[in-house]
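Model the full structure from these sequences, guided by the hints.
First to last, the protein sequences are chains A and B. The working numbering puts the first residue of the first sequence at 1201, with every later residue one more than the last. The working numbering puts the first residue of the second sequence at 906, with every later residue one more than the last.
Since the hints were made in silico from the structure, they are not lab data. Ideal Cβ positions, reconstructed from N, Cα and C, are used throughout, including at glycine. Check each hint, because a few of them may be wrong.
[To be verified] Covered by chain B, per the in silico footprint, the following chain A stretches (three or more residues, Cβ under 8 Å):
hint : region
1    : 1241 to 1254
2    : 1286 to 1298
3    : 1301 to 1311
4    : 1317 to 1323
5    : 1409 to 1416
[As the list claims (entries may be wrong)] With a straight-line Cα cutoff of 25 Å, these simulated DSS-like cross-link-like pairs (lysine-lysine) come out:
hint : chain 1 : residue 1 : chain 2 : residue 2
6    : B       : Lys1046   : A       : Lys1429
7    : B       : Lys1046   : A       : Lys1326
8    : B       : Lys971    : B       : Lys1023
9    : A       : Lys1232   : A       : Lys1281
10   : A       : Lys1232   : A       : Lys1429
11   : A       : Lys1326   : A       : Lys1398
12   : B       : Lys971    : A       : Lys1301
13   : A       : Lys1301   : B       : Lys1043
14   : A       : Lys1374   : B       : Lys1073
15   : A       : Lys1369   : A       : Lys1326
16   : A       : Lys1373   : B       : Lys1043
17   : A       : Lys1369   : B       : Lys1073
18   : A       : Lys1281   : A       : Lys1253
19   : B       : Lys1046   : B       : Lys979
20   : B       : Lys1043   : A       : Lys1369
21   : A       : Lys1216   : A       : Lys1232
22   : A       : Lys1374   : A       : Lys1326
23   : A       : Lys1232   : A       : Lys1374
24   : A       : Lys1301   : B       : Lys1046
25   : B       : Lys978    : A       : Lys1301
26   : A       : Lys1301   : B       : Lys1023
27   : B       : Lys1043   : A       : Lys1374
28   : A       : Lys1281   : A       : Lys1374
29   : A       : Lys1373   : B       : Lys1046
30   : A       : Lys1301   : B       : Lys1120
31   : A       : Lys1203   : A       : Lys1301
32   : A       : Lys1398   : A       : Lys1203
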Amino acid sequence: MGKFENKYILITGASKGIGFTLAENLDNLGAKLILHASSEDGINKLTESFANKGHLIFRADFSDPLSLEEAWQSQINQDIKLDGFVNCVGLRSRRPLNLLKPAHVMNILHANVASFIEMCRLVCRKNGFNPGLSIITISSIAAHSGGPGVTAYAASKAATEAAVRCMSKELFKKEVRVNSLVCGQVNTEAYSDLMETKASADDVILERQYLGLGSTQNITDILLFLLGKESCFITGSSIPADGGYLS
Amino acid sequence: MMYCIINDGGDTGYCIVEQLVQLNHEVILIDRKDQLPDSFIKMKSNRFSFYSFDFYQTHLIESELKNILLPGKKINGFVYSAGIGGVRPLALTSTTFVSEMMNANLYAFLEFARLLSKKTRLEIGGSIVAISSVSSIKGLKSKIAYSASKAALDAAIRGMAAELAERKIRVNSIRKGWVEADLKHDFIQDNIALSAQDDHARQLLGTIGTADLAKLVCFLLSDESRFISGTNVLLDGAYTIS
Ligand SMILES: NC(=O)c1ccc[n+]([C@@H]2O[C@H](COP(=O)([O-])OP(=O)(O)OC[C@H]3O[C@@H](n4cnc5c(N)ncnc54)[C@H](OP(=O)(O)O)[C@@H]3O)[C@@H](O)[C@H]2O)c1
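Encoded structure:
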């Protein structure tokens, strides 16, 4: 039997990078998955990889947090009680302050913060989960150390970490744990795209991330620990998975 | 020096204006409330001017600032002491509620920062100060949206500080604990929701005076603090260590 046999686990942002590797791992470990993506390509990729294995797949746009309640309710039935929820959605933003207009900031905050809180609210409704539910959201070292141009992205990640601290204090009574995983640079499609837009091939962040570039499997291993019972004493925290960057 | 204070009827903002005027600076107060408190009406200084509009409607900020800061006028810094509070358990933390909080505590600040930090408006060596809260690093139940908005603010100033350092402009926030000025409004409401009384007792040095907060703001605006940037200064009466 796999470690997560018959456990229901929701992964939002499962079509790429960290979320996809986590989905593959959990599938191997026997979990029943509810997988989310927002684009047609994302949904197609998830369908190809996972639909014939009995996992649920759903589409929702985190830029519109008001639409999530309906999208979620149309997916979920009364038999599904969640044991885990990992949020891997995170819109990137790189803009000098001069161009950081409210509409752009709002879009980033809607997708990265308001939608995460909304998903927590929906997931934590009565009878929607099993005691022991573990919620994890992926944050970034940007929330802790600033760089030029990442103002909106950093703000959104710091906001989710703060929300996690408050929710953990409220939800422990329902036996729900909530944590943030603070990732350094991880080798994903998004990372390759970013490096392509840069003038130099050297990544200055990696000079301080002394364990080198992370793999999605590195991050997944930590996520599996945080989803499992072994971490039952950890809640409300921001856990670095940063190859030493913040130290 | 000339400074701009952005305020939403809070005593903190008024107190900062008073101290800056006393220090012989020129001050422009932009307040959401169009009525100044009585104590202010007495302050007929020609170094003080007052404007009011609803800047939580962020699309208004750009055009209003054009009337307030005429071309050629540059400021040496600004303070954002506006923002809102509010407590709600997760089940009632609707997206609309989160958005309102983000709007007042983050979006409006960023829009002022975007427009006021332009080369034509902010002098080299200028200083930007935002009022944040210990809630940004300490979780309290039912303060999900508020804490998130203040943490976002604290992170945003780091990105801005990195970018604006080129022009020797500094950006900082103050993580404040319970201040006299808040007790009037938020405390009563929060008290009921969170039994904040206990929380208040954890502030070992007692309630922070509004004037003490204003003094720290004036210091961060001044040239004396010229090597402090990208930080979130704690002013919490020893709350976080207790
Ligand atoms: N990669 C890194 O180096 C790194 C470092 C630090 C933190 N992180 C964080 O880790 C998380 C995952 O990053 P990643 O690089 O592995 O993957 P990613 O490329 O950021 O994609 C994650 C997922 O987000 C979904 N998504 C995109 N736009 C969306 C929207 N509007 N609504 C809902 N979902 C949307 C994507 O689905 P579709 O494209 O199918 O819509 C995808 O499944 C993010 O939160 C990121 O900020 C990553």
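Any of the earlier hints contradicted here, and which numbers? Of the numbered hints, 1, 5, 11, 13, 14, 17, 19, 24, 30, 31, 32 do not hold.
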